[in-house]
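Colleague: Given the sequences, and given the hints that come with them, work out the whole structure.
All residue numbers in the sequence shown are consecutive under the UniProt record's numbering, ending with 475.
Please keep in mind that the hints were generated in silico from the structure rather than gathered at the bench. These numbers come from a predicted model, not from an experiment. Do not rely on the hints blindly, as some may be mistaken.
What the hints assert, rightly or not - Per label pair, the in silico range of CB-to-CB distance:
1. P108 x P343: 28 to 38 Å
2. A233 x P187: 25 to 35 Å
3. I367 x A303: 57 to 67 Å
4. A419 x A109: 29 to 39 Å
5. P273 x R400: 18 to 28 Å
Ideal placement from N, C-alpha and C gives every residue a C-beta, glycine not left out.
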Amino acid sequence: AAAPRWCSATPPSSPRSCAPAPPPGSGPWRCRPPRCGRARGSAWCCAARPAGCGSSGRGCWRWCRARRSGGRWSAGLGRAERWRFGAEEEAAGTDPRALPWFAWLRVPALDAAEGGWAARASAGCLRKGQALLACGSPFGDVCPELFLNTLSRGVVSNLAGEENALVLTDARCLPGTEGGAAFVPSPAGPRAVAVIAASLCWKGAEWVGLTLLCSLAAILRSSAAVLGEAGIAVPPVPAWVAAVPASGGRDPLGWTALVECGATWGSGVLLAPRMLLTCRHVVEARAPLRVTPAAGPGQDAGALWGRVVFATEESSPFDVAVVELEESVPGFVPPCLASTFLPGEEVSVVGFGALGRACGPSVTAGILSAVLAVAGRPVMLQTTCAVHGGSSGGPLVSSRGGCLMGIVASNTRDTGAGATYPHLNFCIPISVLQPLVARYRRTGDPAAFAGLNRVGDGVRAAWQLQQRPGPPSKL
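Modeller: See below:
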């Protein structure tokens, strides 16, 4: 697979750097780190090499002390997929100077006797789907009047490592924001919870639009010795901050499952203890079908075998398959099904895109950007959530009500430019499927879904992105 472009704070001279080059003679590329506390004038940053320390030899380390990321993060990064970079990127990746470093900088001008540490929280309190606010300065010190402390809102997409040492978010952070802070809402106000480590920009020709964060608490623990030598006492991090409930108290992760068919995989939605909906293209390999429901906290994900009882024809605009499991999913709670769809409402997509089989399902947030109806009935939903390969068949959920609104069918690809746009995607409304599912559960006859293969020209035109046929001209 092609590699995602990890836009770390590398010098502008690095191959394929995402950051704009500064004017000649302006010195090394610089980040603008946030302050962690005023009492000791300390701040953190994330860079390949701290600015001013790159060309002066080993003596420069008298002025700054840095800590490299250790095993606490490495344990959360399994080799689920091996990204293969091009020759230039492979060569750059072996250069130790390109490795990410976390640096603590002492800034005497920030010393203040009355100051204190910024309000913080432990990443261990985070949950998938929880709101986050990222703050950073894109493009380093280029035009700080415009870019300084730019805000971006998103949600916790995924978590990994001990006490959530690694956090993935869909907050859009541009190159140069590395070293900025991510905040979690709390009743007492926003609290710093993580540090922006890298933004994932491109994987091949697909815009990824995700950002990797590292837990601030984990960085502080691994830096304790260095900070102690500098005479900086680190106050304890609060162990828990009240989380903002996602999806109206309902847990869409409990409806989501990994669907594996031969060498391919996708996502699925559990509608009953032994019934799952997914996309036809996920299961068309006609190989043994394995379904792994998402595990809850402290639970192990157990795989179940299933069989396809119905799949739409290739000529059908609805890309749907129905899977019956050999065993019931333990403790399954059925989803609430949405009956209305309001453009502009906040929604989330849950699925196994981006990270694939690793780390369980990911959550991305956005809005319902359009509802396409034919004869007064919704037949297509369009959202701004980030949908990547592997998300097909996953649930579209109302962020406020927590109801199941539909299943993800596809994102958008520009065949001319060869680019994929995950933030423009299409879902099948659950209102199209709900009466058919009810009939099948009542009769057990897969023919209940046959109507999905017999739809009108208006529905076909909508899903083929064509103009719907209008009334014939009288001329």
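Colleague: Next step is simple, just say for each hint if it's right about the structure.
Modeller: Each hint, compared with the structure:
In this structure, P108 and P343 break the distance hint of 28 to 38 Å, their C-beta atoms being roughly 53 Å apart. For A233 and P187, the hinted distance range of 25 to 35 Å is satisfied, since their beta carbons lie about 27 Å from each other. Roughly 34 Å separates the CB atoms of I367 and A303, a value that falls outside the hinted 57 to 67 Å. Taken as a hint, the range 29 to 39 Å is violated for the pair A419 and A109, whose Cβ atoms sit roughly 45 Å apart.
At roughly 27 Å, the beta carbons of P273 and R400 sit within the given window of 18 to 28 Å.
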